[in-house]
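In the order they appear, the protein sequences are chains A and B.
Under this note's numbering, the residue at position 493 of the first sequence is numbered 493, and the numbers go up by one with no gaps.
Every number in this note's numbering is 1000 more than the matching position in the second sequence, counting from 1.
Hints are supplied without guarantee of correctness; some may be wrong.
[What the hints assert, rightly or not] Interface residues of chain B toward chain A, partial, derived using beta-carbon atoms under 7 Å:
hint : residue
1    : Met1166
2    : Ala1170
3    : Glu1173
4    : Ser1174
5    : Ser1177
6    : Ser1180
7    : Leu1181
8    : Gly1182
9    : Thr1294
These are computed hints drawn from the structure, not numbers from a lab.
C-beta atoms are modelled at their ideal positions from N, C-alpha and C, and glycine is treated no differently.
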Amino acid sequence: MHDERQTPRLVLRNISKRFQSVIANDQIGFSVGPGQVHALLGENGAGKSTLVKIIYGVLQADEGKIQWNGRDEVITSPHRARELGIGMVFQHFSLFEAMTVLENIALGIDNAPDLKELADRIVSVSRKYGLPLDPSREIHTLSVGERQRVEIVRCLLQNPKLLIMDEPTSVLTPQEVGRLFVTLRQLSDEGCSILYISHKLQEIKELCHHATVLRGGRVVGQCDPAVETARSMAQLMIGAELKQLVRRAGTITQEPRLIVSNLTLPTDHPFGVNLKGISFEVGAGEIFGIAGVAGNGQNELTEALAGEVVLRSPSTIRLDGKPIAQMNAEKRRMNGLCSVPEERAGHASVPEMTLAENTLLTARNRMGLAHQGFIQLREARSFAERIIEEFSVKASGPTATAATLSGGNLQKFIVGREVLQSPEVLIISQPTWGVDAAAAAAIHQALFKLAQSGTAIVVVSQDLDELLVVSDRLAVINRGTLSPALSTAEASIDQIGMLMGGVHGLEGDAGSSHNAG
Amino acid sequence: MISESIVNISAAVISASTPLLFAATGELVVERSGVLNLGVEGMMLMGAVTGFAVAVSTGNPMLGILAAAVAGAALALVFAALTLTLMANQVATGLALTIFGIGLSALLGSGFVGQTVPALPKLALPGLSSLPVVGPVLFGQDGLVYLSVALTAATAWFLKRTRPGMMLRAVGESAESAHSLGLPVIRIRYLATLFGGAAAGLGGAFLSLSYTPMWMEGMTSGRGWIALALVVFGSWRPWRVLAGAYLFGGVTILQLHAQGIFSLPAQVFSMLPYLATIAVLTIISAGPWRGRLTAPAALGKPFRPSV
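The following block holds chain A by itself, in its conformation from the complex (with noise of 0.2 Å):
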């Protein structure tokens, strides 16, 4: 356990960074203990993850010192860092996908011996913390739980003192999350410090034992989590009141309006997923959710869904009884079906491109903003400038360029785009994906109050959290199959996380000690 009287083993004194205008960090001070659990609280945006590359050594500081076992040090390089004895956990992995797990940790590590005796101390230490590896499978085989514990097993190796974890659990199951749980508190008894990137307050609350939280790239609050709230800890993250959500009081109704039946796909890209025999309902004023951990044929599902691959057979997607699976994207969008695609930025919009020309991707034949194949550039202006309204998008009006607006506000100009189209069914995928609560918020009660009006909507997410709010039943889509509907307000989180896959891999009583939700 940590202890507040030894010498902290890092200090943080003034750090300051920024991106020509931008200032990601901003006098930033705190330090963490032996063997402490430090949470680093904070939204999007807040600048956590600039904080944590400045630490390993990634990028540097404009100003500010760092203290390492009360020794001033300047971290140069990520080598350096590990030097000290700083091991990373990457958000987005570092890996290489054609490489083995082997040859992917060689590449992470320092001095690394030869690789024989470096797969057998693999073998070891995925042993001693319950991270079972191969480490002869190249990484595009591994579910996203175990490449995770790839990068794990690779700081490990290194005898770090010190483990930066970024936003670990967001792509795991909540079985795996139990699993890590575990792993990080036996590090911690070790001795190891740990700071724990997220914005999961629940999360923190149960594994932390400090909380900074920042905003804005400053710090606003020191906290203990275990005697905060999750709701006080929302608010000095977030620094504003939660809205509370209104649910909606629409009713559904028996007679479905979307029919997706035995709907299989074999994929063509080389690290997909083949659908296989896909069924749903959703009935009108329904919000139905599709679970999973990412690339279990989310992204061909919801490619098969908008018309983006075209199917053979016409019936395996029905619109109001009307068979539409063998019509393109446009043709769909012209009988109802509306859709929101994952990325946001270069799939659902073009960048370059002004707002006003961004309605004209999707909204161009149902809001008639084009006739007999030219541009009613005024049209697509003040539909533009609706949606901006209507959705309180910040932007600077209908000519500013997509790529100038945050994360946030671009998503809620384009499921705002779609929403105002009043369609029949909308297929949405991963509508919060990265974006501040106030934007999340927004959408949630926009799809809210589209489902009131009468229309059948599909969310894919793998933020089960968010699934858990905005949906009234749900399905888990693993490995190209889906489970049949559970009703939202009737599941189990253990229920729901065994059909995510939590299943395979280590059967733990790690699993079950976790309470999530």
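Here the structure of chain A is known, so what remains is to put chain B in place on it, guided by the hints.
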């Protein structure tokens, strides 16, 4: 009589394949590091003219070969400086490099047209070269042929077995990840690009010092482009690239012999190797093998480390 013509044809196939093998192996290393250098043709020509000029001037073909490698690498250095340091577009710069190489080699070589240089001596391996049929084919070639095969073997070993080779592959898979692990991305790419240039230069030297021992403007006649295609054909693996190079060399020689047998215009047969390239590339890109056709993930993507 028959065995003699088999010997002749096989020896010719190996000769025709060697310049391709040099250039393609070099380009393979470049591409595995994530850099797409389309200037292979230009670098080969620079190697051919420099090798020839130095060999004629000094009377020493070994010096010529060395100079050819240096010349190829020098042109590659221009490419590396433009694309890796100054962040110029790799495709455009590579194309410009080829055109530049064609022009510069013609200028440098204008005084050497029509001159001759003694062909490289055949390096007979004692004992082995007197074996029937395979002896003269496999063990009676000149030194550059052995070097090209050795280079392929060394490249395969380097990429698969050594730590620097692993680092090079990592940089070609994801420059960002490699950078965040602290690997020197730009330095690795520079070295790979220089190696590719030197290998292309050797391929050029083989043409002007051994295959047809003379200098002629544009004498590579598209072999640099074929080498680029061979890298794809070999799905970025050294031994498959070697197989591709020999297959292509085989088609080149067979069409010469076929011209004597069938009464079609010679141009039709000259087209054959190129048609074969297109056909093979189409088949491997469209067929069920596509999933296994794994290009380096970061190929052609520029990388600028954030500071």
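Could you work out which earlier hints the structure fails to respect and list their numbers in ascending sequence? Violated hints: none; all satisfied.
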